[in-house]
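Student: This is what each chain is made of:
There are 4 protein chains.
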Amino acid sequence: MTDFFKSIPTITYEGPDSDNEFAFRHYNPDEVLMGKRMEDHLRFAVAYWHSFAWPGGDPFGGQTLDRPWFGDTMDLARMKADVAFEMFDILGAPYFCFHDADARPEGATFKESQRNLEEITDYFAAKMEGSKTKLLWGTANMFSHKRWMSGASTNPDPEVFAYAAATVKGCMDATQRLGGENYVLWGGREGYETLLNTNLRVEADNMGRFLQMVVEYKHKIGFKGAILIEPKPQEPSKHQYDYDVATVYGFLCRYGLEKEVKVNIEQGHAILAGHSFEHEIATAASLGIFGSIDMNRNDYQSGWDTDQFPNNHAEKALAFYEILRAGGYTTGGTNFDAKIRRQSLDAEDLILAHVGGMDTCARALKSAAALLADGSLETLRRDRYAGWESEGARAMLQSDLTSITADVLARNVNPQPKSGRQERLENLWNKFV
Amino acid sequence: MTDFFKSIPTITYEGPDSDNEFAFRHYNPDEVLMGKRMEDHLRFAVAYWHSFAWPGGDPFGGQTLDRPWFGDTMDLARMKADVAFEMFDILGAPYFCFHDADARPEGATFKESQRNLEEITDYFAAKMEGSKTKLLWGTANMFSHKRWMSGASTNPDPEVFAYAAATVKGCMDATQRLGGENYVLWGGREGYETLLNTNLRVEADNMGRFLQMVVEYKHKIGFKGAILIEPKPQEPSKHQYDYDVATVYGFLCRYGLEKEVKVNIEQGHAILAGHSFEHEIATAASLGIFGSIDMNRNDYQSGWDTDQFPNNHAEKALAFYEILRAGGYTTGGTNFDAKIRRQSLDAEDLILAHVGGMDTCARALKSAAALLADGSLETLRRDRYAGWESEGARAMLQSDLTSITADVLARNVNPQPKSGRQERLENLWNKFV
Amino acid sequence: MTDFFKSIPTITYEGPDSDNEFAFRHYNPDEVLMGKRMEDHLRFAVAYWHSFAWPGGDPFGGQTLDRPWFGDTMDLARMKADVAFEMFDILGAPYFCFHDADARPEGATFKESQRNLEEITDYFAAKMEGSKTKLLWGTANMFSHKRWMSGASTNPDPEVFAYAAATVKGCMDATQRLGGENYVLWGGREGYETLLNTNLRVEADNMGRFLQMVVEYKHKIGFKGAILIEPKPQEPSKHQYDYDVATVYGFLCRYGLEKEVKVNIEQGHAILAGHSFEHEIATAASLGIFGSIDMNRNDYQSGWDTDQFPNNHAEKALAFYEILRAGGYTTGGTNFDAKIRRQSLDAEDLILAHVGGMDTCARALKSAAALLADGSLETLRRDRYAGWESEGARAMLQSDLTSITADVLARNVNPQPKSGRQERLENLWNKFV
Amino acid sequence: MTDFFKSIPTITYEGPDSDNEFAFRHYNPDEVLMGKRMEDHLRFAVAYWHSFAWPGGDPFGGQTLDRPWFGDTMDLARMKADVAFEMFDILGAPYFCFHDADARPEGATFKESQRNLEEITDYFAAKMEGSKTKLLWGTANMFSHKRWMSGASTNPDPEVFAYAAATVKGCMDATQRLGGENYVLWGGREGYETLLNTNLRVEADNMGRFLQMVVEYKHKIGFKGAILIEPKPQEPSKHQYDYDVATVYGFLCRYGLEKEVKVNIEQGHAILAGHSFEHEIATAASLGIFGSIDMNRNDYQSGWDTDQFPNNHAEKALAFYEILRAGGYTTGGTNFDAKIRRQSLDAEDLILAHVGGMDTCARALKSAAALLADGSLETLRRDRYAGWESEGARAMLQSDLTSITADVLARNVNPQPKSGRQERLENLWNKFV
Ligand SMILES: [Co+2]
Ligand SMILES: [Co+2]
Ligand SMILES: [Co+2]
Ligand SMILES: [Co+2]
Ligand SMILES: [Co+2]
Ligand SMILES: [Co+2]
Ligand SMILES: [Co+2]
Ligand SMILES: [Co+2]
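From first to last, the protein sequence lines stand for chains A, B, C and D.
Numbering follows the numbering used here, with no gaps: position 401 of the first sequence is 401.
Numbering follows the numbering used here, with no gaps: position 266 of the second sequence is 266.
Numbering follows the numbering used here, with no gaps: position 399 of the third sequence is 399.
Numbering follows the numbering used here, with no gaps: position 51 of the fourth sequence is 51.
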């Protein structure tokens, strides 16, 4: 037991009127919505990296956070794990997520890094036995070390591809060992800085082959979870290949993987790509590749990834509505890939940032569930497209331009516009949010 | 012979030192670069809509341009065509492009609109006999009339889909009749305003089926040109389905059309989607779907489509370099989907805007061709990826994560980063631009 | 009595649980918050232009809205006024706003335009006698007609400046005649398209002198209202001189007007300028120039002015909190410079868009008022800066670099960072929103 | 003599056709343009921080650059200076710029940091005796250390203000000692992360008072250079007070400093604020506060400061044209606040990045000077505004709304729009670029 959170109580649900900062006002794990417990709907996860491995730097400033576990030894790595699991307990977090590099010190060789990872995986496993917190997903950090500076699977140097393959194998093994429910790939450096030195075709083919190997290995080891790609348009790379959900879908088709791989969608990345978060979720759902989400917002006035905790339930309700419409999560969950501001120095800030994020999501979920249960919006949507259920419309789709033209001429077709009723639907929305 | 351009001479090449505003300084159609005439490289096209049908309005203001042919009669439509072909002659433009709605008055019924189109198509055909200007592509305007306000092929109302099908058939017929080398679809309203009233799945399936019908009809009538989709992320729609090249590729795969349909890439649309123009071209080339371009720039400080004539040859050289690397155009060309500013009231402005755009492109092309002919940049690119041509690297790609990991451990792989040399490549670039 | 809204009842407050679409759920005019009626806090205004003069066009499409009063005669202008005042009654709107061009047909000469304006002003005055709706502000449309295409007071042609001066005089007279509480200037074309043809110095000086004349005229006629500038960064102009609140402040200082002129801040314009709405309000308040707001949102994914009705109360609460902190409106109010989507064809859409907007604002206001009344946030803010109230800190501000340096050395000053507590404050915020 | 650049020759001018990568193709220091040597026009400066103190990190990755002088001792600081002056010689750079933190190790106390700075200042002074390179400007880094995390002069803690005052005094003294021609303040943390914890009024007043103290100290010590503020809209702060040139102007007016302080304009910051670079320069010139520039571009597709070397001479010509129109630099210069990409690992990359940047600027300058010397563009500009030189126009500006209206009515003023000729001017531009 560390004393990092020593004065902080376990967080429990006290309801909307509570004056207790260290309580949930909206997240009530056992409350049932649409036949499912709130905890099972939301499947919250804490991100190991932002909460325990980030020193508070930004592009113009260095470390602000003092944490007793910062450093490069296995002992410190274990202290970090101790603190992390204490926080999971305080929050009642059902899941966490981690990269190899968050959890273990980098070794002098791949072998040593791998051994460190295995040790810390064992340590995690032991801690998880005494904890209710499970692993939502594991992943490999293939962007921080300088070896990755020009890409991992897309690196011009085949040695880096090899190192990446070995790294991902190690992380998949660790994920499997810990009962992880998904494995995520975020290709922060799978992109380019300048077209002048880039061969798009070679990089795409190598990245496609790499992903096939990941899928093959998943089947080989019997990993039951989902393989997820996390799209992002840019940053750190000037251009990232997994730009957004639609781009990833095209990539999956190109390499025959659209049935094997899904997406982990981050709100901030959706914004950077010029989309709304709900757009990306709805798009993935309609393409059959929706997996999981990273529920951390960007600042609308900042052109980079701010990874902030969500704090506007009315906005997030749109995201949860699309998730519920899609049937909810299967293996996915709500990961806070979110960091406190670098001025938020205190242990309390770290806890309360999560409490606020969880409450924001819970409130958003309740609104979304109420609206979906009500059914009015879905009825109006169905009505709008009802014409397409007619026999004539179905026949037309089996037809051809020549026949349709003949019909247009014969019937003197002259379609009359009908109101899209956007504002009325927004009002209906606001009745529930 | 109208007198609209009466005081304006035919534009000819006079070289970089010419003081004559009404001359080309860089575009010399017969000059040979890399074994091909410049005219055949560039394949310039004038856009009928912006040059002859646009009254100068913007979202906050009405008509500024007075043109004697503005109005809704067939006589005025013919006068418009007369002026247009006069301009094509003055510029020596090898191609033009048009929508149905630019060329003919809207009729009271589909039948009447179609008859008007046929008449004006005949009129075009007659004019083309006495002209060197050919049709680069035809297209249908399915976004201006209020019937399209909620989409064409993606409309919730099947009657609109029918009307769209008949419209496209008419435009494909006109394009075929005029010897058009491509047929373009831009889905300005194929998107949504709000997810609240939208069924993404139905809309995508209908749009996919529509495009299949277009391809089927192309084969039926023996149209030899390419079918092209023009991506755009938004505007007028809040979200447009053909967001960018990568999104279109995914869509084509989804509906089995990736071998049948290519893209027409517009610089301004690339920018709106968060890409560089050269990125979109290089991406399309690497996916095998590069078709043609709309060479009109956006203002980098404006968040909407400004459709300006290109005026920075150094920037456009990047685009032409990617086109040349891809082997140049086959059926495609360089269309100016560009409009003069609404304050550019004079006939001279319209001519000189095109002259400037053509010169900018010619200059860019020459730089790009010189650099490609020089070969240094491509040599450096090949060298950077040379490792992937080794037997070991090829074998690794046929391998699996387990074997690669064994190899990494056995050889203690420890990749050393190599300089990406971006600034040196930019300097090399600037030697030629 | 027209029959445009014939089936639509007067909107009254029915509370949050009402199932009646045609009722307020949150806006209860007589409810008292912080000692003031909600109606007097919010001071809602309807914008004549978007609601009654806009045909539904966008840059890619024409008219979608059919309104019986569309046309260019005085009779139609009166019918438009009849409908407008019927809508004001239905909504219980305490205010409206208008431009000359919304209300009267353009004449063949300035004289005729002016006479039309005077007639319609009289007609408004008569209608206002039988109505509770007052005029929040009047303004001149100096951007739609082609004469303004290169600016009004900043036009290179002095004749346009003269025409603008006469136009503003006419609109100020009309505003005074109708008891308007403010007069607004939005300089949509007071900017430039290209620096190549622009003289920034002449344009700024002329615009400054113009504004001085407006202030002089205000005093001459004894107009008691405020003169307000509405900032916007761009659109229609590539660059607009009244870019944002801070820019306007500098402009006012440059021409000695910072005590005479305030700002009307629009949410959408704040976003386009790279700010949050609350930033612009707080900035104006801190500079002593906060006047009024245009409460219409932009779409965060669209790079142009979408002028949508607000629909996220949680976000708008931030704006109302800053307004309340600044002491609330004096002459200002909450104007909906908002338009329904062009697909929202029905009379019901127009009414319900306003109902939703008013409810969103009312809800936001209530949250903001509760938080301000609670006082916790302001206490925390004061505490954070408490050091500046010490005598030592005050003395330091009267001091100089040399003395302060001596003190730093003497005391070995070594400041320790304190948590900014952003997430905790956001949680506090969400307790009230 | 270090051996860092050992294989790299001194760079000299060899002309556009040179095949030597290590030569200038356009920058010819002694070439005379408009009566002034090119070196004296351009006044290039190297930025100490990016070239010698930056390890190659970004928000997602750590150090990539290995430099023998990295570390925290005075010996290493001297080695860094040795290498820096070797690079200045290789490039023939007439100027450099530095922050305290780039040049000296941070001490355990202010006193120690100050002593380190003084020592390194002496070391610089000694090196400058044997060098032609002078100091363009000095500045203080008040954003990297955690003490500055919530601002320097705008910090809620008066102790930080004191520390900032002592820091700036030390840096001004060093600048004075080294004959610096300007002193720059960039307020990277003078802004806020959230309005919820911010007192805008207190922060602005403290920042204003701080700047007054800086100006007072300048006069006290007889510093002859200019005090410059470098605007930036955001990053690292969510909002920065010195947003752009117009905002800084308003701030200077508010605190009575508009005659005392000028601006240092960075291209990348202009872009982030929604402006073009040339806009910011022209605006500053028209306000009388143009000082100097940081000539480093942003990537148009990236929403953060990429600080890249300029590589498009056609674009930069617009900036130099505005500088020349404004009369050229007085104390200012062309500073490369630019960093090589973090993949550009080699010593050659660092040198050649500067060579490319200098050549790009030289080429841009030559174009701009030729166009200005030609005079056509300025003649056209003057002609456009010629109406304002008439007696009638001047009289109107001394008049009032009532008199002007009478005149409009009497003369039946009806202004006719004239073409703005944007495209023709762009063609004229391109004749020279
Ligand atoms: Co992120
Ligand atoms: Co993420
Ligand atoms: Co376009
Ligand atoms: Co286009
Ligand atoms: Co607006
Ligand atoms: Co407005
Ligand atoms: Co910068
Ligand atoms: Co800078």
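Simulated from the structure, these hints should not be mistaken for laboratory data.
Model, not experiment: these values are computed from the prediction.
Any given hint could be a false lead.
To be verified - In silico contact screen, one side only, chain C against chain B (beta carbon under 7 Å); selected entries:
#, residue
1, G62
2, R341
3, A386
Even for Gly, the Cβ is constructed at its ideal location relative to N, Cα and C.
Student: Now, for every hint given, state plainly whether the structure supports it.
Tutor: Hints versus structure:
1. G62: This interface hint holds because 6 Å falls under the 7 Å limit.
2. R341: holds, 6 Å
3. A386: Violated. Min distance 42 Å.
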